[in-house]
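A.B. asks: Now for the letters of each chain:
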Amino acid sequence: RKEVEQDPGPFNVPEGATVAFNCTYSNSASQSFFWYRQDCRKEPKLLMSVYSSGNEDGRFTAQLNRASQYISLLIRDSKLSDSATYLCVVNRDFNKFYFGSGTKLNVKP
Amino acid sequence: DVKVTQSSRYLVKRTGEKVFLECVQDMDHENMFWYRQDPGLGLRLIYFSYDVKMKEKGDIPEGYSVSREKKERFSLILESASTNQTSMYLCASRETGVLVTEAFFGQGTRLTVV
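Going down the list, the protein sequences come from chains V and H.
Residue numbering for the first sequence follows this note's numbering, beginning at 1 and increasing consecutively.
Residue numbering for the second sequence follows this note's numbering, beginning at 110 and increasing consecutively.
Same shape as in the complex, but just chain H (with noise of 0.2 Å):
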């Protein structure tokens, strides 16, 4: 079974801290995503990657960072956090193939900024 696993189910942080998010996944996947989930906007995707040191900015990158220094591990930084960053943040991983292959999900962070 692919497991993806967030190291926080809940996060209270202060406006301006830097945030640290982090995610490891299991099954040696190329690719790892980050996505933040609101009411009624869906799933966005901030950043993703497809290899280690590599990155690529998604629809919403402003205010967000990322790093993978090692293939199974994909950390969302947040240099100052801010209230508008309140959200559900999802890390997903998957394979690289011919055809699309399903993404896994870990199961989410909740950070609430004060």
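Next comes chain V alone, as it looks inside the complex (with noise of 0.2 Å):
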């Protein structure tokens, strides 16, 4: 079974709507949870670290749920830059990061 479980999508989305992402992990030990965003041919970046409380960075909502071992996506008023891949990424043991497939994101005029 793998570590972290994506839908690979494509969602698409017209502008303005609202759209979410969930990504499963298997381990419960895991600690730390990020979303990265990843552009077509270009690195991942950090979009936002997720917190056991949940969090929000602009149109942006992360959520963690520990007893169902998934964390959550949310995006509010997609804006066509949004279009991207967005990776699920959960950390144990330190140095070890586990990082989904990615879910494709297609925000349409």
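It is worth saying that the hints were derived from the structure and are not from the lab.
Treat the hints with care, since some could be wrong.
Some but not every residue of chain V turned toward chain H, in silico, with C-beta under 7 Å [said to hold, decoys possible]:
{"#": "1", "residue": "Asn27"}
{"#": "2", "residue": "Glu43"}
{"#": "3", "residue": "Gly100"}
{"#": "4", "residue": "Ser101"}
A quick note: this is a predicted structure, and the numbers were derived from the prediction, not measured.
No residue lacks a Cβ here, since even glycine has one placed at the ideal position from N, Cα and C.
Since each chain comes alone in its own frame, lean on the hints to assemble the complex.
C.D. replies: This is the structure:
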């Protein structure tokens, strides 16, 4: 079983829509959680960390559910520039980061 | 701004060649990583290093080795390149701290083995 699983998508949404992605992780010992964004042919970049209490950064909201072992990312008022692949990342054992294969988002005019 | 620089964006090598991928970071980070990224499989950790001359195997170390002679430089070596090592290779670095900190990535090297 993969450490981290994501729906590959693509999610095709119109501008202004709200879209949500989920990601499940298999190891309950996982400690830290992140969402990274990767544009086509570019390197991944940190979008936001995910805290136990949930956290928000502008139009982006991240949630963690330890009991069900999933994290989520909600994007409100989608922009064309939000089109990218979103990678779910889970950490345990200090330097072991496990990446999902990504969810592709296409925001259309 | 943290900068992680990989020596090549694109490489084409022949089967059996020894291949060196170089990565340099300018933020004095202790930890450096090599990943490969393949469609549908995500990023998979090959090796990481938490200090000069220290290295640890990741999840898929077979066919690879690494070298960290200086803190800022982490090299990935394909001892004898094979076609199944055709992939995007990403180097990353991060600092050590009480909290797990962000990893910064290089721009990637797309390696094709023919």
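A.B. asks: Each hint: holds or not?
C.D. replies: Structure-based check of all given hints:
With 7 Å as the threshold, the beta carbon of Asn27(V) stays out of range of chain H, its nearest partner Cβ sitting at about 13 Å, so the hint is violated. The restraint placing Glu43(V) at the interface with chain H holds, with a minimum CB-CB distance near 4 Å, inside the 7 Å limit. Satisfaction of the interface hint for Gly100(V) is found here, the shortest Cβ-Cβ separation to chain H being roughly 5 Å, below the 7 Å cut-off. Using the Cβ-Cβ criterion of 7 Å, the hint placing Ser101(V) at the interface with chain H is satisfied: the shortest such distance is roughly 4 Å.
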